[in-house]
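**Student:** Going line by line, the protein sequences match chains A and B.
Numbered by this note's numbering, the letters in the first sequence go through residues 1 to 110 in order.
Numbered by this note's numbering, the letters in the second sequence go through residues 1 to 114 in order.
Because the hints were derived from the structure by calculation, they are not lab data.
Please note: incorrect hints may appear among the correct ones.
For lysine to any residue, the following SDA-like pairs were computed, each having C-alpha atoms within a straight-line distance of at most 25 Å [to be verified]:
#	chain 1	residue 1	chain 2	residue 2
1	A	K42	B	D54
2	A	K45	B	G108
3	A	K2	A	K79
4	A	K2	B	D38
5	A	K2	B	K11
6	B	K57	A	E3
7	A	K2	B	T13
8	A	K2	B	K70
9	A	K45	B	R44
10	B	K70	B	G97
11	B	K57	A	S26
12	A	K42	B	T5
13	A	K42	B	V60
14	A	K2	B	K53
15	B	K57	A	M92
16	B	K53	B	G97
17	A	K42	B	T13
18	B	K11	A	R41
19	A	K45	B	T13
Here is how the chains run, residue by residue.
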Amino acid sequence: RKEVEQDPGPFNVPEGATVAFNCTYSNSASQSFFWYRQDCRKEPKLLMSVYSSGNEDGRFTAQLNRASQYISLLIRDSKLSDSATYLCVVIMDSNYQLIWGAGTKLIIKP
Amino acid sequence: DAGITQSPRHKVTETGTPVTLRCHQTENHRYMYWYRQDPGHGLRLIHYSYGVKDTDKGEVSDGYSVSRSKTEDFLLTLESATSSQTSVYFCAISEYGRASDTQYFGPGTRLTVL
Chain A
1 RKEVEQDPGP FNVPEGATVA FNCTYSNSAS QSFFWYRQDC RKEPKLLMSV
51 YSSGNEDGRF TAQLNRASQY ISLLIRDSKL SDSATYLCVV IMDSNYQLIW
101 GAGTKLIIKP
Chain B
1 DAGITQSPRH KVTETGTPVT LRCHQTENHR YMYWYRQDPG HGLRLIHYSY
51 GVKDTDKGEV SDGYSVSRSK TEDFLLTLES ATSSQTSVYF CAISEYGRAS
101 DTQYFGPGTR LTVL
């Protein structure tokens, strides 16, 4: 079992719809969590951190479920420009080891 | 955007040849990282540096070496390239090396080993 797993997709979603995807992690000692966005043939860029209490940034909401060991990303009112691959990152503070998921590809269709 | 450049951006080489990739930053960040990205895999850490001349191995360091003689430059060398090293290589930087730090990535280098 991979340490961090994501559904690779692609998720094909009509513009304006709400879409959500998860990232599961296997190590319960994981402490920090992030979502990065990666456009086709580009570098990853930080989208948002994931806090224990959940956090929201405009149309994006990130949540952490420690009991079930997953983080989620919800995108409301999706835009064509949201088409990208979304990478989750799980970090153990003890050794600052970053474990990256392979990403979920999202395609927003007009 | 963070000031990170990588060179070359694309390279095709033959098996057995040495290859050096360069990462240059203008942010004066202490921490620098080399990752490789392959289909079906998350980014995998090759080596990282926590200061000039201070480097350490990541999870996939075999066949790679690094050097950091200046804060702004971090070099990745494939001593004798193999086809399994065909990949996209990303350099990243972070300021404090803490788990809460944002990592900023360079544009990547696409390496093909024939």
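**Student:** Determine for every hint whether it applies to the structure shown.
**Tutor:** Hint by hint, here is what the structure shows:
The hinted pair formed by K42(A) and D54(B) fails the criterion: a straight-line CA distance of about 28 Å is larger than 25 Å. Between K45(A) and G108(B) the CA atoms are separated by roughly 12 Å; this keeps the pair inside 25 Å, and the hint holds. Proximity of K2(A) to K79(A) is assessed by CA-CA distance (about 31 Å); at most 25 Å being required, the pair is judged violated. Note on K2(A) and D38(B): the hinted pairing holds, with a Cα-Cα distance of about 15 Å set against a maximum of 25 Å.
Between K2(A) and K11(B) the CA atoms are separated by roughly 31 Å; this puts the pair beyond 25 Å, and the hint is violated. Of the supplied pair hints, the one linking K57(B) and E3(A) holds, its CA atoms being roughly 19 Å apart against a limit of 25 Å. Proposed proximity of K2(A) and T13(B) is contradicted: the alpha carbons are some 32 Å apart, above 25 Å. Proximity of K2(A) to K70(B) is assessed by CA-CA distance (about 36 Å); at most 25 Å being required, the pair is judged violated.
Distance restraint check for K45(A) and R44(B): the Cα-Cα separation of roughly 16 Å lies within the 25 Å cut-off, and the hinted pair is therefore satisfied. A threshold of 25 Å between alpha carbons decides the hint, and for K70(B) with G97(B) the separation of about 18 Å falls inside it, so the pair holds. The hinted pair formed by K57(B) and S26(A) meets the criterion: a straight-line CA distance of about 23 Å does not exceed 25 Å. Between K42(A) and T5(B), the direct Cα distance comes to roughly 13 Å. Compliance with the 25 Å bound is thereby established for this hinted pair.
With a CA separation close to 22 Å, the supplied pair K42(A) and V60(B) stays within the 25 Å bound. Using a Cα cut-off of 25 Å, the hinted pair K2(A) and K53(B) is violated, with the two alpha carbons roughly 33 Å apart. With a C-alpha separation of about 17 Å, the suggested pair K57(B) and M92(A) falls inside the 25 Å cut-off, and the hint holds. As the CA atoms of K53(B) and G97(B) are separated by approximately 16 Å, the hinted pair is consistent with the 25 Å bound.
The hinted pair formed by K42(A) and T13(B) meets the criterion: a straight-line CA distance of about 22 Å does not exceed 25 Å. Among the hinted pairs, K11(B) with R41(A) is consistent with the structure: their alpha-carbon atoms are about 15 Å apart, no more than 25 Å. Proposed proximity of K45(A) and T13(B) is contradicted: the alpha carbons are some 29 Å apart, above 25 Å.
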